[in-house]
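Chemist: As given, the protein sequences belong to chains V and F, one line each in that order. Start counting the first sequence at 0; every next residue gets the next number (numbering that gives the first Met the number 0). Start counting the second sequence at 0; every next residue gets the next number (numbering that gives the first Met the number 0).
Derived by calculation from the structure, the hints in this document are not laboratory data. Possibly wrong hints are sitting among the right ones.
Unchecked claim - 30 angstroms max Cα-Cα, derived DSSO-like pairs, lysine-lysine:
1. Lys141(V) / Lys129(V)
2. Lys141(F) / Lys129(V)
3. Lys116(V) / Lys61(V)
4. Lys61(V) / Lys19(F)
5. Lys129(V) / Lys173(F)
Protein chains: 2
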Amino acid sequence: MLTRKQYAEMRDRTLQFLQKAGIVLTPEEQEAVEVADFGLENLEVEGLQLITYVNTDRYCAKELVLFPRQTCPEHLHPDVNGEEGKQETFRCRYGTVYLYVEGPASPEIQSVIPEGKEACYTVRHEFVLKPGEQYTIPPHTKHWFQASEEGTIVSEFSSTNRDEYDIFTDPAIKRIPVIGE
Amino acid sequence: MLTRKQYAEMRDRTLQFLQKAGIVLTPEEQEAVEVADFGLENLEVEGLQLITYVNTDRYCAKELVLFPRQTCPEHLHPDVNGEEGKQETFRCRYGTVYLYVEGPASPEIQSVIPEGKEACYTVRHEFVLKPGEQYTIPPHTKHWFQASEEGTIVSEFSSTNRDEYDIFTDPAIKRIPVIGE
Ligand SMILES: [Zn+2]
Ligand SMILES: [Zn+2]
């Protein structure tokens, strides 16, 4: 469980990071920064910060912030109620992001797999995205990503977001964050 | 018709403007900047510059660049082949954009209507968007927008883009740009 203090610290770091990249949020968006630890209580290693700009029944846009070597755990987006699973385009805005999807394993990868979690990061087909570079992940495709040593900001453009249906490889993961006192 | 020289000049101005705002494009995207004069041959007054990041059968994301007082003419997005018309979210990234949609006319508007074109700008319900502020335009809704004196950059998140079906109020408009020698 994230404490309120942890949440506030990570939110402030997120806002500073966005500011450095020239990305402006409204005061309401600043209050609504989401900090996801996936219930793993190891936020600096497995976690991410995000701002959802818009999520309609047709499309969604977000900004994702990952601090140095922070990792978004492996997951996929299934069909939901007969609707095709979420399709996502990741566009790097700042820093470098290492992205992994299904496909032939890259001979060597640039990410550091979180300690003891090898079994939860099964896809190893690597894309390295620098500012301006992007990649579109088809529905039902396992993927995970990690920031380089400098951290990263990634714009996510996608079909409608239904995070609550995401399927994570790590059985310990709970997607909906819980903030305590 | 835009001359190649006009096109190259506007593309270079666009790239400089994006750079000032910290928005990075790949070399391929830099080559593919679109300059739209809508066939009106008055680009500095009625026109816009844009980069399409992604356009799938589910969603679309673009960056729109407007120079000082440049105006995107009034139009709407109709249903296409039984599919609901395009829904668009405009998020201001830089400068100020004055956006007009259907609704009660604002008592005073901040835009300057292009000379002699009053009849082609019929909706006058004004929103003023500064960096971080956004507005979502429902399908089938007439809208137009103009940059402030400093110009503007606007991120557009939307359902699938089918520009060729847009309906413009000005009967003189041709959407598909023609570049000459
Ligand atoms: Zn995903
Ligand atoms: Zn439009």
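Chemist: Please list, smallest to largest, the hint numbers that this structure does not respect.
Modeler: 2, 5
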